[in-house]
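2 protein chains.
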Amino acid sequence: MPESLPASDRTRVVREAHRATYNREVIYKILDEAFVCHIGFAVEGQPFVIPTMFARIGDALYIHGSAASRMLRALAAGAPACVTVTLLDGLILARSIFNHSMNYRSVVALGHAMIIDDPAEKLRALQAFAEKLIPGRWNDVRQPNEKELKATHILKLPLTEVSAKVRTGGVEDDAEDYAFPVWAGVIPLRLAVDPPLRDDRCDASLPTPSYASNFPR
Amino acid sequence: MPESLPASDRTRVVREAHRATYNREVIYKILDEAFVCHIGFAVEGQPFVIPTMFARIGDALYIHGSAASRMLRALAAGAPACVTVTLLDGLILARSIFNHSMNYRSVVALGHAMIIDDPAEKLRALQAFAEKLIPGRWNDVRQPNEKELKATHILKLPLTEVSAKVRTGGVEDDAEDYAFPVWAGVIPLRLAVDPPLRDDRCDASLPTPSYASNFPR
Numbered sequence: 173m174p175e176s177l178p179a180s181d182r183t184r185v186v187r188e189a190h191r192a193t194y195n196r197e198v199i200y201k202i203l204d205e206a207f208v209c210h211i212g213f214a215v216e217g218q219p220f221v222i223p224t225m226f227a228r229i230g231d232a233l234y235i236h237g238s239a240a241s242r243m244l245r246a247l248a249a250g251a252p253a254c255v256t257v258t259l260l261d262g263l264i265l266a267r268s269i270f271n272h273s274m275n276y277r278s279v280v281a282l283g284h285a286m287i288i289d290d291p292a293e294k295l296r297a298l299q300a301f302a303e304k305l306i307p308g309r310w311n312d313v314r315q316p317n318e319k320e321l322k323a324t325h326i327l328k329l330p331l332t333e334v335s336a337k338v339r340t341g342g343v344e345d346d347a348e349d350y351a352f353p354v355w356a357g358v359i360p361l362r363l364a365v366d367p368p369l370r371d372d373r374c375d376a377s378l379p380t381p382s383y384a385s386n387f388p389r
Numbered sequence: 173m174p175e176s177l178p179a180s181d182r183t184r185v186v187r188e189a190h191r192a193t194y195n196r197e198v199i200y201k202i203l204d205e206a207f208v209c210h211i212g213f214a215v216e217g218q219p220f221v222i223p224t225m226f227a228r229i230g231d232a233l234y235i236h237g238s239a240a241s242r243m244l245r246a247l248a249a250g251a252p253a254c255v256t257v258t259l260l261d262g263l264i265l266a267r268s269i270f271n272h273s274m275n276y277r278s279v280v281a282l283g284h285a286m287i288i289d290d291p292a293e294k295l296r297a298l299q300a301f302a303e304k305l306i307p308g309r310w311n312d313v314r315q316p317n318e319k320e321l322k323a324t325h326i327l328k329l330p331l332t333e334v335s336a337k338v339r340t341g342g343v344e345d346d347a348e349d350y351a352f353p354v355w356a357g358v359i360p361l362r363l364a365v366d367p368p369l370r371d372d373r374c375d376a377s378l379p380t381p382s383y384a385s386n387f388p389r
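Chains as they are written, first to last, in our numbering: chain A, 173 to 389; chain B, 173 to 389.
Honestly, the hints are just simulated from the structure, not real lab data. Any given hint might turn out to be false.
In silico lysine to any residue, SDA-like type, Cα no more than 20 Å apart, as pairs [what the hints assert, rightly or not]:
{"id": "1", "chain 1": "B", "residue 1": "K304", "chain 2": "A", "residue 2": "S268"}
{"id": "2", "chain 1": "A", "residue 1": "K322", "chain 2": "B", "residue 2": "D349"}
{"id": "3", "chain 1": "B", "residue 1": "K304", "chain 2": "A", "residue 2": "D261"}
{"id": "4", "chain 1": "B", "residue 1": "K319", "chain 2": "A", "residue 2": "S273"}
{"id": "5", "chain 1": "B", "residue 1": "K319", "chain 2": "B", "residue 2": "E293"}
{"id": "6", "chain 1": "A", "residue 1": "K319", "chain 2": "B", "residue 2": "E344"}
{"id": "7", "chain 1": "A", "residue 1": "K322", "chain 2": "B", "residue 2": "S273"}
{"id": "8", "chain 1": "B", "residue 1": "K304", "chain 2": "B", "residue 2": "P330"}
{"id": "9", "chain 1": "A", "residue 1": "K304", "chain 2": "B", "residue 2": "V354"}
{"id": "10", "chain 1": "B", "residue 1": "K304", "chain 2": "A", "residue 2": "R362"}
{"id": "11", "chain 1": "A", "residue 1": "K319", "chain 2": "B", "residue 2": "A347"}
{"id": "12", "chain 1": "B", "residue 1": "K328", "chain 2": "A", "residue 2": "Q218"}
{"id": "13", "chain 1": "A", "residue 1": "K304", "chain 2": "B", "residue 2": "L363"}
{"id": "14", "chain 1": "B", "residue 1": "K304", "chain 2": "B", "residue 2": "R389"}
{"id": "15", "chain 1": "A", "residue 1": "K322", "chain 2": "A", "residue 2": "H236"}
{"id": "16", "chain 1": "A", "residue 1": "K328", "chain 2": "A", "residue 2": "R228"}
{"id": "17", "chain 1": "B", "residue 1": "K304", "chain 2": "A", "residue 2": "L260"}
{"id": "18", "chain 1": "A", "residue 1": "K319", "chain 2": "B", "residue 2": "E348"}
{"id": "19", "chain 1": "A", "residue 1": "K322", "chain 2": "B", "residue 2": "N271"}
{"id": "20", "chain 1": "B", "residue 1": "K322", "chain 2": "A", "residue 2": "S273"}
{"id": "21", "chain 1": "B", "residue 1": "K322", "chain 2": "A", "residue 2": "D346"}
{"id": "22", "chain 1": "B", "residue 1": "K322", "chain 2": "A", "residue 2": "N271"}
Coverage of chain B stretches by chain A, computed from C-beta distances (three or more under 8 Å per stretch; other residues unrestricted) [stated by the list, open to error]:
{"id": "23", "stretch": "273 to 287"}
{"id": "24", "stretch": "315 to 322"}
{"id": "25", "stretch": "348 to 362"}
{"id": "26", "stretch": "375 to 383"}
Glycine residues also receive a C-beta, built at the ideal position from the N, C-alpha and C atoms.
The following block holds chain A by itself, in its conformation from the complex (with noise of 0.2 Å):
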């Protein structure tokens, strides 16, 4: 696959294109640093969004679907997908309203999803969102039976059209308005991790893994 992925017109970023970017790199550390996609699909006319979990396996997404959801029976069905994902890294407080803003990270891709079948790849995808979730859990737990994986609907999304937009440093006013007297800057957000609280049920003998005692974000 190439580093940067073409713009189509329909990925192309319009508004702020100077905030756009179609490098892959970018665009796969956006996507694995996320733990919900948000994905949009139409179904007699209606669009939907639902949030859900994903992981990226090379250049494409998988995403846990259930077969009582209208997600996954429409995009079964071919219905033409697009899946967004969106970090949110502060707040731009500037001096004039109008120029308050977002410090953010998203992706979005365009694309149609298909079911997976093979039980391998089905639990290649299941292992990458438990990875995802907190990298070393997969070894550590009972992982999917027969039963399970057969149960089990992973949906792919192959990464060719997509698209990321990024915005990152300060505050940026209007030439006239910096000699208006208020506080501007930037309150930095991000997702924190709290101490792991272990179930009522699990044996206070069994140790805290290193993984949930120190959360690698």
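Let chain A serve as the given structure and place chain B on it in line with the hints.
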């Protein structure tokens, strides 16, 4: 407006229906806590999902559009929309891979957005955006002038067809897995606020407002 919204065929939660709520108070609390929504719309059959800031006033969501954007053009032309908001509260580390999950609160709103032309309503929406970012900011900054207000495009989406889905609490394993000897529990996640960073061009004599030094979240 009634306390609870009726579940339409389109907003009724199909998957894990016990996690669904149609209570307006619960729904509005989730909307008010989130900084970003994901708005879905289709252009020539292709869904797009775009992250954007928003605010709620009463029984409507307001979204800040740009005249140059696909989104504004599509929604203004009457395309049906879906606005989804997701808050991530924790990772559920179960004993089996299959029962790994996340704690979250999400809202899905369906409807049609309309462009707001009334300058007074546009101003109220801008004030709601500012006060959502950080209560108290609106009165401190240079408020919009007539030219800016004219250039601002605000979309309104009445909240008539809305549902929420909430997962809370701890691990839920299958009965036979509780004996599996692995640590299980919840890793709490939250949006954290770091100390504010003063803009390089902000005179050091201007005090940091308490809403920035002591962020109310």
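Exercise for review: Just pull the numbers of the violated hints for me, sorted ascending.
Suggested key: When the structure is compared with the hints, none of them turns out to be violated.
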